[in-house]
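Protein chains: 2
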Amino acid sequence: MKIRFFHARILTMIEGQEIFEGEVWVEDSRILYVGTGKDTEEFFKRTGKTCLIWDEEIDCQGNLLMPGFKNAHTHSGMTFLRSFADDLPLDEWLHEKIFPAEGKLCKEDIYENIRLAVLEYLTSGITSIFDMYIEPEPIAKACEDMGMRCVQASGLNNFTQSLELLEQSFQQMNKEDSLISFRLGFHAEYTCSKELLEGVAALAHKYKAPVYAHMCETEKEVEECRERYGMTPPEFLDSLGIFDYGGGGYHCVYMNENDLKIFEKRGLSVITNPASNLKLASGIAPIQEFLNRNINVAIGTDGPASNNCLDMFREMFLVTGLAKVREKDAAVADAMEVLKMATVNGARAMGLSECDVLAEGKKADIIIIDLNMPNMQPLNHIAKNIVYSGSKQNVKMTMIDGKILYKDGKFYVGCEPEQIYEKVNSIVQRITAE
Amino acid sequence: MKIRFFHARILTMIEGQEIFEGEVWVEDSRILYVGTGKDTEEFFKRTGKTCLIWDEEIDCQGNLLMPGFKNAHTHSGMTFLRSFADDLPLDEWLHEKIFPAEGKLCKEDIYENIRLAVLEYLTSGITSIFDMYIEPEPIAKACEDMGMRCVQASGLNNFTQSLELLEQSFQQMNKEDSLISFRLGFHAEYTCSKELLEGVAALAHKYKAPVYAHMCETEKEVEECRERYGMTPPEFLDSLGIFDYGGGGYHCVYMNENDLKIFEKRGLSVITNPASNLKLASGIAPIQEFLNRNINVAIGTDGPASNNCLDMFREMFLVTGLAKVREKDAAVADAMEVLKMATVNGARAMGLSECDVLAEGKKADIIIIDLNMPNMQPLNHIAKNIVYSGSKQNVKMTMIDGKILYKDGKFYVGCEPEQIYEKVNSIVQRITAE
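If you're matching them up, the sequences are chains E and L in order.
For any residue, its number in my numbering is found by taking its place in the first sequence, counting from 1, and adding 324.
For any residue, its number in my numbering is found by taking its place in the second sequence, counting from 1, and adding 324.
Treat the hints with caution; some may be incorrect.
Copies of the same chain look alike in the list, so a pair counts if it works inside one copy or between any two.
Calculated lysine to aspartate or glutamate pairs in the EDC-like style (CA-CA distance at most 16 Å, straight line) [stated by the list, open to error]: (1) Lys652 x Asp415; (2) Lys652 x Glu416; (3) Lys544 x Asp653; (4) Lys652 x Glu543; (5) Lys652 x Asp411.
Quick caveat, the hints were computed from the structure, so don't treat them as lab data.
Since this is a predicted model, take the numbers as computed values, not measurements.
Isolated chain E (complex conformation):
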């Protein structure tokens, strides 16, 4: 398949490159050409290609092509719990509402829940997710079936999954050129025994692989870890050697000086989830402190039970707005910084080096942002418009791996959205009736 996007504005997200007018060509799953469209002779000469016959030519009408957003932390399997239990503190919410409901899920349920999430990702221009849930297999299947790029990190804990499943998934789900990949991980320090965590550390060493987990989400979590081990979660986990090959933490709201140093030293990514942290009253993460230390900051929506939506526009505004109000400084975490977090930094955190920017040879994970809408006008500064006033309404197209999966409000994922809605509603009905 060869697709030509023309009459576009292009934001490659390559450091230092301004928005320019031009074309993007896609061949199968990869980007063939990004440029003004005026240097194509040079391109043909360099690549040895003589001419191209297009399967599809898309007039972008001056709208913006940019890399898709990377949702660097989510639990897609939880869509059935959206607006199911809200207005509760994290601990009560998790143990009294969420875990019992999840206990009733079968693999087929998880598959349907994830399909619903994928639809929503597409409406928000999200082209890769970093997912963590009970069962790795239905996530992989749902994403593969629909065409979503998905990196999983294991949600291993004392109650579900095992080191064996973790290792097996890691071995099986990292195939070349697949939409699906798998990282070592565990749920959180507070749901894992020391022995289990030592097992994770052993795997990290065996495979020289990064490890990811929830970390420092609430004050209570940090305090309880201190009581247990006399250390903060990052201190304790690092003492086990878990981060010897990098990785990252989801949330990172409560971080002390030493935690920050560990993140710097190990090259760990912070994956911030501002909407979830507000809604569960967890707190506001110190984004500017991460930036000051050049720690890689990526953005996640967290799951639909705690957020409750899977919308990178809302998260982007929250990242900048909350950083500004926390630091009492309107200049911090500006729009370009946040756009970088939502794209390039996300790809880096997830290990998706081929999906970060629009450039020749990269994977074709591309979105079109509709600038011909009132919230995007006037065109004083397009990047600021996206971060400060953009919304899902502006997502005109979402392409993953060279395939258009969403365009002008319609889904191209091999099934009707209504079928998925019906199935997820019936899952809730069954579970609440049980």
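Please build the complex by placing chain L on the supplied structure of chain E, with the hints as guidance.
This is chain L only, laid out in the frame that chain E set:
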């Protein structure tokens, strides 16, 4: 014109009333009937109507009809400044960037800027705005031309407008059954002399009318007022008798015990603007303290230069999320409370008693929320879905005063959006070239 909405879910926003399935009938500018559609014989008997011939029948396909959102504080005339100056503290932003640019506007410019804002309001289901800007006349004209319901409060200050213009607008812009109305007001304590404020108080007494102004937006504002008068802004303004007939304050981020008592005693509304308060690093308003005292809390977007979008969905999530994190309590400011702020409380703050709920005889300011989208599924709790995961994408229709102005992504406002975009872009070009 008689329009029948059928096969709908209906959220009337009448206290204590649950969502039900039914119909809404509109005749000209008003709601004729709201009900299950099964008691229409009783309706015909009671009203003396025999039969109705519909000009239009709209199958809502199970989607939600609810009152339109009330944007209770905005500066629509500032759309030209969206993404023009950002990442600056309020004081510098206002005096070095915003005021100089605004100084170059003519009335025709303001008219076009407001038309752009109106388009955006429609996409967000906003059916009334409480606007404050330099010139009252172009606001009234733009809103009337496009069909937007607009309450203005004067933006009187030492530099623009006058008490004479204030009184004249107040007398001329409060006609029966018009889309346009006008309230007494002034910009803020810090931009008005004591003499000017005494003049406003005299008008409040003369017309027994409520007064509105920016208030307690930043710590600096409160401190400087204390230095000038030995009182906080609410204390000082109240000492002049400005609030003897009620009114309200925009922002209200920094309020002491006595300020809260004044708001209680005078029945003043708080109009909170959370996105703007984040973006300008002003702070987080104490919403739960207002609610504890039964102070009427409404929601505004503030202007597009400080927010930068005019999106009530983002504001609603911020109101609840920021209240939760401020109080460290995930139970506060729940979804229904916030929906009330965005509709009923807004109408109350603006003096629009005919536009608050869906009921017979009320003005037909109605929106359709699309529930057949992934972010609205499953239907565990529709109100929570709207507040916690809703977005502009879910606004399927916006009707004001019985007229459909926006439906399925198309505008019906007597002009093409592209014409307005072009004009506002040319205003920016002219102003920056000058």
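The hints, checked one at a time:
1. With identical chains, the CA atoms of Lys652 and Asp415 are at most 16 Å apart between copies only, with a shortest distance of 13 Å across copies and 30 Å within one.
2. When the C-alpha separation of Lys652 and Glu416 is checked against a cutoff of 16 Å, the pair qualifies only between copies, where the shortest distance is 14 Å, while the shortest distance within a copy is 32 Å.
3. Within a single copy, Lys544 and Asp653 get their C-alpha atoms only as close as 28 Å, which misses the 16 Å cut-off; across copies the closest is 14 Å, which meets it.
4. Taking identical chains as interchangeable, the C-alpha atoms of Lys652 and Glu543 lie at most 16 Å apart only when they sit on different chains, with a minimum of 11 Å there against 22 Å within one chain.
5. Taking CA atoms no more than 16 Å apart as the test, Lys652 paired with Asp411 passes between copies only; the shortest distance there is 11 Å, against 27 Å inside one copy.
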